[in-house]
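Novice: Listed here are the chains, written in short residue letters.
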Amino acid sequence: MPGVEGFMYPNEVELQWSILIVLYPYITGLVAGAFILASLARVFNVKEVQPTYRLALLTALAFLLVAPLPLQLHLGHPERSFEMYLTPHRTSAMAMFGFVYLWYLLVVLLMEIWLDYRKDIVLFSQSETGFKKSFYKILTLGSKNISPRSLRIDDRVGWIVTVVGIPSAFLLHGYVGFIFGSVKANPWWNTPLMPVVFIFSAMVSGIAAVLLVYQIVNRTRGQKIDMLCLDTIAKYFLYVFLIDFSLEMLDLVHRIYEADESFRTLNFMVHTRLYFSQVILQIYLGTLLPIAMVALTQFVKFRERTRRVIYSIAASLALIGIFAMRWNVVIGGQLFSKSFLGYTTYKVGLVSREGLLSAIALMLLPIPILWVLLKLLPPWEERHQEVSPAPAR
Amino acid sequence: MNNEATRREVLKDTGKFILLSGAARVALQTMRGEPVVEPDKYKMAEHWWGMTIDIDKCIGCGNCVKACAAENDVPEGFFRTWVERYYVPDADLDSPQVDSPNGGFNGFPEINRPVNAKTFFVPKLCNHCAHSPCVQACPVGATFESPDGVVLVDQKYCIGCRYCVQACPYGCRYLDPRKNVVDKCTLCYHRITKGLTTACAEACPTGARKLADLKNPNDPVHEFLRDNHVEVLKPHLATGAKVFYKDMDEAVR
Numbered sequence: 001m002p003g004v005e006g007f008m009y010p011n012e013v014e015l016q017w018s019i020l021i022v023l024y025p026y027i028t029g030l031v032a033g034a035f036i037l038a039s040l041a042r043v044f045n046v047k048e049v050q051p052t053y054r055l056a057l058l059t060a061l062a063f064l065l066v067a068p069l070p071l072q073l074h075l076g077h078p079e080r081s082f083e084m085y086l087t088p089h090r091t092s093a094m095a096m097f098g099f100v101y102l103w104y105l106l107v108v109l110l111m112e113i114w115l116d117y118r119k120d121i122v123l124f125s126q127s128e129t130g131f132k133k134s135f136y137k138i139l140t141l142g143s144k145n146i147s148p149r150s151l152r153i154d155d156r157v158g159w160i161v162t163v164v165g166i167p168s169a170f171l172l173h174g175y176v177g178f179i180f181g182s183v184k185a186n187p188w189w190n191t192p193l194m195p196v197v198f199i200f201s202a203m204v205s206g207i208a209a210v211l212l213v214y215q216i217v218n219r220t221r222g223q224k225i226d227m228l229c230l231d232t233i234a235k236y237f238l239y240v241f242l243i244d245f246s247l248e249m250l251d252l253v254h255r256i257y258e259a260d261e262s263f264r265t266l267n268f269m270v271h272t273r274l275y276f277s278q279v280i281l282q283i284y285l286g287t288l289l290p291i292a293m294v295a296l297t298q299f300v301k302f303r304e305r306t307r308r309v310i311y312s313i314a315a316s317l318a319l320i321g322i323f324a325m326r327w328n329v330v331i332g333g334q335l336f337s338k339s340f341l342g343y344t345t346y347k348v349g350l351v352s353r354e355g356l357l358s359a360i361a362l363m364l365l366p367i368p369i370l371w372v373l374l375k376l377l378p379p380w381e382e383r384h385q386e387v388s389p390a391p392a393r
Numbered sequence: 001m002n003n004e005a006t007r008r009e010v011l012k013d014t015g016k017f018i019l020l021s022g023a024a025r026v027a028l029q030t031m032r033g034e035p036v037v038e039p040d041k042y043k044m045a046e047h048w049w050g051m052t053i054d055i056d057k058c059i060g061c062g063n064c065v066k067a068c069a070a071e072n073d074v075p076e077g078f079f080r081t082w083v084e085r086y087y088v089p090d091a092d093l094d095s096p097q098v099d100s101p102n103g104g105f106n107g108f109p110e111i112n113r114p115v116n117a118k119t120f121f122v123p124k125l126c127n128h129c130a131h132s133p134c135v136q137a138c139p140v141g142a143t144f145e146s147p148d149g150v151v152l153v154d155q156k157y158c159i160g161c162r163y164c165v166q167a168c169p170y171g172c173r174y175l176d177p178r179k180n181v182v183d184k185c186t187l188c189y190h191r192i193t194k195g196l197t198t199a200c201a202e203a204c205p206t207g208a209r210k211l212a213d214l215k216n217p218n219d220p221v222h223e224f225l226r227d228n229h230v231e232v233l234k235p236h237l238a239t240g241a242k243v244f245y246k247d248m249d250e251a252v253r
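From first to last, the protein sequence lines are chains R and G. Under the numbering used here, the first sequence has 73 at position 73, and the numbering climbs by one with no breaks. Under the numbering used here, the second sequence has 91 at position 91, and the numbering climbs by one with no breaks.
No lab work stands behind these hints, which were simulated from the structure alone. All figures in this text were calculated on a predicted structure; none of them were measured in a lab. The C-beta atom is built at its ideal place from N, Cα and C for all residues, glycine as well. Any given hint might turn out to be false.
As the list claims (entries may be wrong) - Partner residues are not named here, just some residues of chain R that face chain G (Cβ under 8 Å, in silico): (1) E12; (2) Q16; (3) P187; (4) T191; (5) S339; (6) F340.
Unchecked claim - Using 27 Å as the maximum straight-line C-alpha spacing, the simulated DSS-like pairs for lysine-lysine come out as follows: (7) G:K246 to G:K156; (8) R:K184 to G:K66; (9) G:K179 to G:K43; (10) G:K118 to R:K347; (11) R:K184 to G:K41; (12) G:K57 to G:K41; (13) R:K375 to R:K224; (14) R:K375 to R:K144; (15) G:K41 to G:K179.
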């Protein structure tokens, strides 16, 4: 059979989960990671990263809005997906996705953004004209009270939402990890470490994304980049990445040392079909190189410009590496037979429903969404200079 | 002389006997394809279905695969049941060579290989697990274990996410490309609830695979389980599989 080496159960030859299912954990990971970075400023009082606070929230929202789309596109009957809300199957690790998603979108992210922007929204609803005025008016949800007392309450409630949001972000992405980690039929997925690895890799990718978005947005607007902020984010990026890498290596070492019945098959797969995406892309280029680059900036004093370049390259590599990690989990887990006797091949279609073009379009979609969000809810400080002095943030 | 029956009398009596016996009625109904058990008389609580497979009897003819495909309209390239051929060299028991060309639909072409190996056929199908990982995984409950022990899919409800396909350790599920819903062996539920056996078991020329009703005290399955070395596939996964293999080699997975 073409593309098959050894023996596959006959129904296994064709892969069930495509590149779109690779995007799903990748995108939700970016959401969770960006949110956790935002919570650093809000809850953990890391003042240096404050300039990215709102940007991180909007980035998370832009990606969260796209997160369910690859799933919808993948379903055999997308029109029935609503059944997950109506008749969720309690024992299914997947049934809760809709609820976790809604909780995170409505209760955590939208609430936090609204509370944080409420004052701006009220001011916009007074200063803007025409369509924009009515839009902001709707966004105020009827409350025009921006007295210091009410803003203090907003801040307090917003803080509580963020505190609730941190475990929610862990839940959102740890849960995605559990969907894979709980499949006992598949030894490549079946490990209790999976949710933990997913959470830490999510934080790496989310921080990397905000690091890039912050620089690109400021560069586009001709604004100065806050180097202290960037250095601090890079430091957290490094710490989280080291934890993530240690966890993944723990998993790997454990598998190699245990060498159970599946080991020979998985080992062969990593050395052949997954060699490029796992060893080269994920481990060397996507993990070790960016870790080494950012670690270097901790020991050697580089000029600002050099540091910015190093951070940008490291963040880009990390984003590629984490994507490769999702690929290796989702696609890698379907390349070998559950009989442990053979391997199949995944061919990505180009223009099919689950093909490469759909995947690229979905991956680019958050960018225009973020652009619109930045227009509607500008996260920078000089937004109301004509109306009122900028609040000290 | 008078006491001896004439040929005519013997025939008449035999005919009467056949006509009056329930067996004839069942045979006639089966021939006509009529239900043997009235649908409203079938009680799910009285059955617990499974299958027994005698590996030594399987000759790899592929009749079961053909019969299943015809009976259940199985899409090409996918299989509700299939047959695997094992070749286990005694020099390397860990590395069996297995093939299943087109699921064994057309039988198996002969391959010239060294003879210092054992070789045998293994028919596969859904194991109708009592603790099915696939049922556990379905996010909407479209796949379920029926009260009589058969794992089924409600195709009007399945959303086509294929999580169950990933969750099945035996590779028994697939997405029907014509309907975009998951499909699998139903143990010929439409037949067994009418008192018939499955299409695969009926087509098997050697009786290697037999439908088993574990709740029926008269079913030969009890004798089969008692008198033989019986094993299920991947017992370490604790799925409660109900397809029982007799004398299965350790190499089978």
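Novice: Could you check the structure against the hints above and give me the numbers of any it violates, in ascending order?
Specialist: Per hint list: 3, 4, 7, 8, 9, 10, 11, 12, 15 violated.
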